[in-house]
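Participant: Modelling step: build the complete structure from the supplied sequences, incorporating the hints.
One-letter residues, chain by chain:
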Amino acid sequence: MDATSFKSENYIIEEEPFYYPVRDEIEVFESAYKNQLPVLLKGPTGCGKTRFMEHMSWRLKRPLITVSCHDDLTASDLVGRYLIQGSDTVWIDGPLARAVRVGAICYLDEIVEARKDTTVVIHPLCDDRRVLPIEKVGEVLEATSDFCMAISYNPGYQSILKDLKQSTRQRFVALEFDYPEANIEQSIIESETGADKELSTALVKFAHMTRNLKGNGLDEGASTRLLVHAAKLIVSGVNPTTACRCSISEAITDDPDMLKAVNELSSALF
Amino acid sequence: MKSFWEKAIEKHRKGKGIKARTNRGPKIKASAIYGGMGEREIQLRLELHLEPILSNQKSVLEPARDLCMFSMQDQERFIETVGEICNTNMELAYEFCHNGVESLKNLDESQWQQWINTIVKKYNDGGIENSVKQMKDILFYLDELAGTSTSIDFEDFSKTIESLLTGLNGRPLKVETAENIYTDTETVYLPERISSQKTKEDNFSLIKASAIHLWAQTYFGTWRIKKKDFAKFDDMERAVKAYHFLETIRLDERIATELPGIGRILNKLNPKDKIKSLSKNFKNAIEILEKDKSTNLDSLDLVESIIHDLEKIPKSPYAGELNLESVLSITNERIDQDKVSFEKALEDLHDQWRKVEESPDEASENDSQESNEKTFSVSKENEDNEYDVVLEYGDTSISPPENVKQIMESIIQDFGEIPEEYLEPAGDGGYNADPDNEETGNDYDSSDYEFAYDEWDHARQKYRKDWCKLNEKTILETSNNFITETLKKHRGLLKNLNRTFEALRQDDKRSKKQNYGDDIDLDAFVDAYIDLKKGKEVDEKLFIKLNKVERNVAVMFMIDMSGSTSGNVNIVEKESLILLCESLEILGDTYAIYGFSGKTRNNCEVYKIKDFEEKYDNSVKNRICNIEAMDYTRMGASIRHLTMLLSKVEAKTKLLITLSDGKPDDVDGYRGQYGIEDTKKALIEARFLGIHTYCITIDEEAMDYLPYMYGKNNFAVINEVGKLPLKVSDIYRKITL
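Just so you know, the sequences run in chain order A and B. For the first sequence, position 76 matches number 76 in the numbering used here, and the numbering has no gaps at all. For the second sequence, position 293 matches number 1293 in the numbering used here, and the numbering has no gaps at all.
Just so you know, these hints were derived from the structure itself, not from any lab. These figures come from a predicted structure and were not determined experimentally. Glycine included, every Cβ here is placed at the ideal spot set by N, Cα and C. Please note that the accuracy of each hint is not assured.
[As the list claims (entries may be wrong)] From the structure, some residues in chain A lie toward chain B, with a derived Cβ separation under 7 Å: (1) Asp257; (2) Ala261; (3) Leu265.
Facilitator: Okay, here's the thing in structure tokens:
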């Protein structure tokens, strides 16, 4: 079976992506969208930021254009560039320009990974001007009310190397995400994987144990995403200890001492 | 070089040493059996080493006789080793003579040195008895070497156990070694070696069970007792034993619910069915304690019923013992400390909330009078889990910061709840009163000095010429295990620091429009193509190249050694420096470390710990260990001196970082506005020379003067002294990014 291909601006999420609201983030986002304010999502990896964006994209019925930022990402990669076609050069919109044109939600994932000079191109879009100047073509693209800008970053580990500039971050409505509370995290695992209560309780307990180890040899504890992975494996018949080892312990650390300790924790629980 | 016999004769002629000594023991025959030295010669040679401690009771006769049975080579190896051990300790060498001969039979030459190292290490770690035990344990040591041992040593399991315990909830527990298995509620003590089980895995399971059992004691409230609870029993020791037995049953049940994997191990090691069958009383006790809601008070009530049958109970291999004394002393101290910290935290929260509620938006609903009267309360969220509590302020439930949560958890661990009196608003008491600085009565008049520096008099708006006399000294070296301990204590942190510093070093930068490189620069290519079409000259710079970013940083650390840093601050300063040096070594930045202190303008002192040229070697490490709290904080002169040193170094970026705990302060009027103004002036002078200045302080009032002295972005205040080691390296990385 071939994978289906969409133009990113036409990719509209049809089915509701499962999202369990932790607080009032959905209302805040909707209200920011109505008021044409850009949104900043911050939180540790695997706590549901991207899933939340998918959910909002479905809810607002707007296409979601996601750009995963990296340190080679240039302003041209976002805005667009001239390319050669036959003997002519033609202008090709980058994802950001495309999102502005069609009124999509543009989501820059892990924004701090991008270089600081790149980040600056989104500034005019993120204040009351809501325009994207395209210097090379000499045009200014004005965003419609459908367009929405959202960025995400993890204030935990990247910030040591790269931080979001104040001039960037102060343009956004900020939503803080964290790992959900135990009972919510359990129901997320249950509805994502069909795991029973006993299993989800044990997995969440395990996650909390690894989160206790953060800063004591672990950079991050197990994320909700990893718990879902582990639960999926266990539900499909993998031995719980093995599942925890493969989908959680090995995923969060390479350090042999830490691995041993984390595996001991899981074998204490199962 | 004189031969041994010649030396012996010489000593003999002088009328001391060998002759005199040998006369004390019975005469022995000098004969060589296996081609080696004879008894007499061996005896004499051993005596040469051990001379000062030998007496009528202490002779080396027996070892000499035993050594006769060995070849010349073995004998020499042995005697040489005795000499080596003498350098560590003579008594140890004597014990080695008596207990070490056996090892000659068992070890070959290649294993010998390692064996000796083990013995000496044991001595250094745990004294002579410990070492002798190791000497006698040669067969076990051989097993270890051959990998056939089933036992497991503290070194093998401590790291895993410590991480395991950190992962579990509750107060962080350290792991240390001791003769018996017990906990004082802050440290878990486990034996040096576990070998009672048949396989290595089983031995590890046993030690794991012990550690979890001790954790459960602290987490599930075994220690919510007082000494007087046992006062009614005639034999208190017996009562405590009975209580421990009952608690073990209760805790096993709790552990089985919380950690089923461990529960299985516990049941295998200490089956309850067996105990149930002992008597009706035991059966009854177990049934009560196995209930979900049973507490340590139930155990206490049951002590009476089983105290006379203690002999019947099989000893559970993992439970260790209850060490009432050590727990009580530690607990009392902690309870006081927690109470103070908690009340302080509540006070802060109270202030914050009052501010929030007094803000104009809400003023209409709450008048300030009312909000002042609001108090804190704690309600239970979940009946089954005593740790699941919510802090409420008035009617609003609030989420306290992480550190307050930890204190609350620690208090609940001790009491099972947050006692009412903890929640009453604290009075005017200042909790963070500074300990009084001790004045030293040294006479400080000195006319010898190496450097003289101007000082800024802000009242006159003029410099006082050559006002401060400054000497540069080098801190004496001291050798102790502070460095090792620090590295051990912070090993988790160090790993993180290393990784992030490593990442900093390997930062690549992409340069566009290069003549050659790793990738095509698409934009440059399109431009060139357009130029080509237009018939213009084509730029050949079409590539993207990855360049290593060269760091060219020289940094001077200026360490506050004033009297106020004595005690804990001094220790964390040293720890911070050690971690920082480890990190800086990775980064490859040029750095120097100087301490500063002094008393009056005539005795400003700057202490060299490491200069720019020096390597981070043992002498630097030993100097760091010897940093001590001295006198006062005359910052201006020190800044000027270190600026002078720093300005001589060639580097693109130069940084002067001060590690401090308070305002500039000296006895001869160098305080208040005067001190601050002079320090500010000195910093301006430094900046004028292209040196960036930065200050890291632990003074909570630093916000009052640091922004003025250093500028609003050039300082960091660390609220928690303990965090300094982490923060210093972290801040350094951030500011040099």
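Participant: Each of the hints needs a verdict: does it hold here or not?
Facilitator: The hints, checked one at a time:
no., hint, verdict
1, Asp257, "holds (5 Å)"
2, Ala261, "holds (3 Å)"
3, Leu265, "holds (5 Å)"
Every hint, counting from the list given before, is met by this structure.
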